[in-house]
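Engineer: These are the residues of each chain, in order.
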Amino acid sequence: MSGKDSDLNSNNIKPVHTNKVGGSPFKGVVGWIDNRLPIIRMFKYEYLDFQVPKNLSYLWSLGGILMICLIFLIVTGLVLGMHYKPSSTEAFISVEKIMRDVNYGWLLRYAHMNFASFFFIAVYIHIFRGLYYGSYKEPRQLMWLIGIVIFFMMMATAFLGYTLPWGQMSYWGATVITNLFSAVPLVGKAIVTWLWGDYSVGDSTLNRFYVLHWLLAFGILGVVIFHVIALHIVGSNNPSGIEPADTRDTVSFAPFTTSKDLFAMLIFLLAFVLITMYAPNYLGHPDNYIPADPLVTPAHIVPEWYFLPFYAILRSIPDKLLGVIAMVSSIAVLGLLPWLDLSKVRSSVFRPIWKQFVFLFVLDFFILMYVGGMPAEGIYVLIARVGTVYWFLFFLVIAPLVSLTEKTLPMPNSIHEYEDWKKQGRIKTFKIF
Amino acid sequence: MSLVLKFSLFFFFLLLNISNSFSAEKQEKLLKQSWSFDGFFGKFDRASLQRGYQVYTEVCSSCHSMNLLSYRNLSEAGGPSFSEEEVKAIASKVEVLDGPNDKGEMFRRPGKPSDKFTSPFPNEKAARAANGGAYPPDMSVLVKARAGGPDYIYSILMGYDDKPPKGIKLEDGVYYNKYMPGNKIKMAQPLNKDSVNYSDGTLATQEQLAKDVVTFLTWASEPHLEARKRIGFKTVFYLLILTVLVYLVKKKIWLSVEPKV
Amino acid sequence: MSENNNNPDKKNRRDFLTVATTAVGVVGVGTAVWPVINQMNPDSSVKALASIEVDLSKIKEGQEITVLWRGKPVFIKRRTKEEITNAEKVDLKELKDPQPDNKRVKKSEWLVLVGVCTHLGCVPISGKGDYGGWFCPCHGSHYDSSGRIRKGPAPTNLEVPTYEFVGDSKIKLG
Chain A
3 MSGKDSDLNS NNIKPVHTNK VGGSPFKGVV GWIDNRLPII RMFKYEYLDF QVPKNLSYLW
63 SLGGILMICL IFLIVTGLVL GMHYKPSSTE AFISVEKIMR DVNYGWLLRY AHMNFASFFF
123 IAVYIHIFRG LYYGSYKEPR QLMWLIGIVI FFMMMATAFL GYTLPWGQMS YWGATVITNL
183 FSAVPLVGKA IVTWLWGDYS VGDSTLNRFY VLHWLLAFGI LGVVIFHVIA LHIVGSNNPS
243 GIEPADTRDT VSFAPFTTSK DLFAMLIFLL AFVLITMYAP NYLGHPDNYI PADPLVTPAH
303 IVPEWYFLPF YAILRSIPDK LLGVIAMVSS IAVLGLLPWL DLSKVRSSVF RPIWKQFVFL
363 FVLDFFILMY VGGMPAEGIY VLIARVGTVY WFLFFLVIAP LVSLTEKTLP MPNSIHEYED
423 WKKQGRIKTF KIF
Chain B
42 MSLVLKFSLF FFFLLLNISN SFSAEKQEKL LKQSWSFDGF FGKFDRASLQ RGYQVYTEVC
102 SSCHSMNLLS YRNLSEAGGP SFSEEEVKAI ASKVEVLDGP NDKGEMFRRP GKPSDKFTSP
162 FPNEKAARAA NGGAYPPDMS VLVKARAGGP DYIYSILMGY DDKPPKGIKL EDGVYYNKYM
222 PGNKIKMAQP LNKDSVNYSD GTLATQEQLA KDVVTFLTWA SEPHLEARKR IGFKTVFYLL
282 ILTVLVYLVK KKIWLSVEPK V
Chain C
7 MSENNNNPDK KNRRDFLTVA TTAVGVVGVG TAVWPVINQM NPDSSVKALA SIEVDLSKIK
67 EGQEITVLWR GKPVFIKRRT KEEITNAEKV DLKELKDPQP DNKRVKKSEW LVLVGVCTHL
127 GCVPISGKGD YGGWFCPCHG SHYDSSGRIR KGPAPTNLEV PTYEFVGDSK IKLG
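Residue numbers (our numbering), protein chains in the order written: chain A, 3 to 435; chain B, 42 to 302; chain C, 7 to 180.
Everything labelled a hint here was simulated from the structure, so no lab data went into it.
There's no promise every hint is true.
Unchecked claim - List of simulated lysine-lysine pairs, BS3-like, C-alpha gap at most 27 Å:
id, chain 1, residue 1, chain 2, residue 2
1, C, Lys176, B, Lys144
2, A, Lys357, A, Lys424
3, C, Lys53, B, Lys84
4, A, Lys424, B, Lys293
5, B, Lys153, C, Lys176
6, C, Lys78, B, Lys144
As the structure is a prediction and not an experimental result, all values here were calculated from the model.
Next comes chain A alone, as it looks inside the complex (with noise of 0.2 Å):
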């Protein structure tokens, strides 16, 4: 054809570049394989050379202790699947013959179990770390928003797990958290049952909540991948929100951080292990242990305690489909604050007032918890509306109003200099060791 001739002789002929191979800073076997699949050198520049602020305290260590959590669930889980059985008749035996006659199937059982628990320990700290140092800010904001995604994945993937065994909790919380749906106006009522399989909580749904318990942590594993390589562009934030300029500011990865961050690991496994092998069902509740019976309700139904602060938020709106819109967005606005906070300096430190309302907040949460698992009579339910306020406020009128207004702290020019304000006593900050 003549358009092809045209082709050929215009200057649209480039060079092109299909084999890549080379350019490995490695020598031998090792630079043979990574000039052909370079992850040893991605490892080597993302994982030992890369450069992190100095300054970083130990609530910077929340991120590698949740990849850990987040390893140790999915390993105990996988084992778990091995022997237990997703049927409304089976479920309830088959988790107690982990319990008894499985290998060693008591210790992962409860390793599971508590290792969720304290996966959100770690991530309401990881949350408050980044809401006090600004993290959210310019460049971060993507970085906030897929972990507000992973966030709402945990809960989903919490959620699906605590059915599985099929106590009395199980089953009344499947209940109440799926009805939520029916909240919908007009297609309610047949999401919920499409949501069941049946027109109750029952086998299908245990069956399908089984399946969808594994999708959704694999799921969190895709996503903290994004999140891991965001970190990687954007560069860590730091206590002093100020971005790092030079190697006066900056440590490489390893062995600084990795060997910071094994510290804090290792002292938050203490605590895991204090609790998985001396009060192994301290953070859960007894009604678990009795098996669902779709005739009984408890009589005092209460989701597990990382979830109470978005249940009194839910509870506090006595309209149906406004309390769920209400819970959903409680956390979903977390999402805005990055366009709801206008102020350039990111650190807390230099935020006098900001610094007060941020506090104020991570309160709120703790009385929003307590509020959360108490019954919904009398003064709780006053507390949990005015907290319910206050979450809303802090994010809609407190963030823009504060950081328009506020009169922020003179700033070093750099980390080092920061780093040297702080031992002059320039700078109040707080450590935690």
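Fit chains B and C to the given chain A structure using the hints.
Structural biologist: Below, chains B and C alone, put in the same frame as chain A:
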């Protein structure tokens, strides 16, 4: 004290509070006992477990099943430590439905250690029918299924009173119990002095019977408790050593960044 | 590639402290992995069923029964005099897996075998084959009246399970 520390403490006490709140309404304080299986090095008292099993078979088992246990569990490590011969003898005393045989018929045979504990009733409906509508719960995980655990079960066993306080009306077949939520229970007082004849000479007081059977039930719901605490201690010990070592390594690595002043 | 100037003394990082910590860490990880591996072994309810008792009193001479033990068929054969003498007089030099008959039975009348072909796990058929014993239909292994491999691809004789006589006409498998 730093703020974060304050917060985490606060958080901890809250959790404590929340879990306490599960035990519902204002209730009589449970009779707290000191159990041999409490604490970091807690172990079951073997003799008490064996006596507790006797109480279970002679008293409780006429109404309460224990579906999740097998006779072989009685000789397994960390349990009542009956010998294998004793367990064989115990199991052979019960009749188990088995089959079908070559002719396609179900048949009864003496029990084997691998058999599950036999149930007093064929199913829940039969159990309800025989007990005035109340279902005597399966006792396999009962201790873990009740807030307060062993202390709660013990308190229920000790909480009966012939003369209920004024204002409480008891229907037929309903009894007053101080520790039962709502104070009404459909189980008659199960344990009395000498309900059971102990062969080891232990005085069968009501307290002793209750204590033994609760020990047995605690083991039944948590058969690996001893292994858990043993492995737990070793793990904590190990982690402490490793944590100190890693801390020292970390300090050393960071010396170049944070030189000692 | 680390151009980190915070880190001048690289040479003896691998000192005693680091080595000791690594060693302690490796031991811990190894121990923690064990439960994850061991959970795949037979659990205690399976182990409890690992031994069964079989009544032999109803088996007549020349008859054979098959019982299920640990999920596998076990052949129990009451051999005839002829089968016994045939099995005993075989020259061990002829055998692929030389084993005298008396090493394979507790009482020569009773032959107890795991009925799984040692080639690839099929169940051999009784009374077939060239040697008066069993024949595996999958790949044509022939076993004699002592369950020894005589012809075909199977590498070893049919396995004799651990069993013992409890009383005259009762055996306990496993």
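Engineer: Does each hint hold? Answer for all of them.
Structural biologist: Structure-based check of all given hints:
1. C:Lys176 / B:Lys144: holds (22 Å)
2. A:Lys357 / A:Lys424: holds (18 Å)
3. C:Lys53 / B:Lys84: holds (26 Å)
4. A:Lys424 / B:Lys293: Satisfied, since the Cα-Cα distance of roughly 22 Å is no more than 27 Å.
5. B:Lys153 / C:Lys176: holds (17 Å)
6. C:Lys78 / B:Lys144: Judged against 27 Å, a Cα distance of about 22 Å means the pair holds.
The structure shown violates none of the earlier numbered hints.
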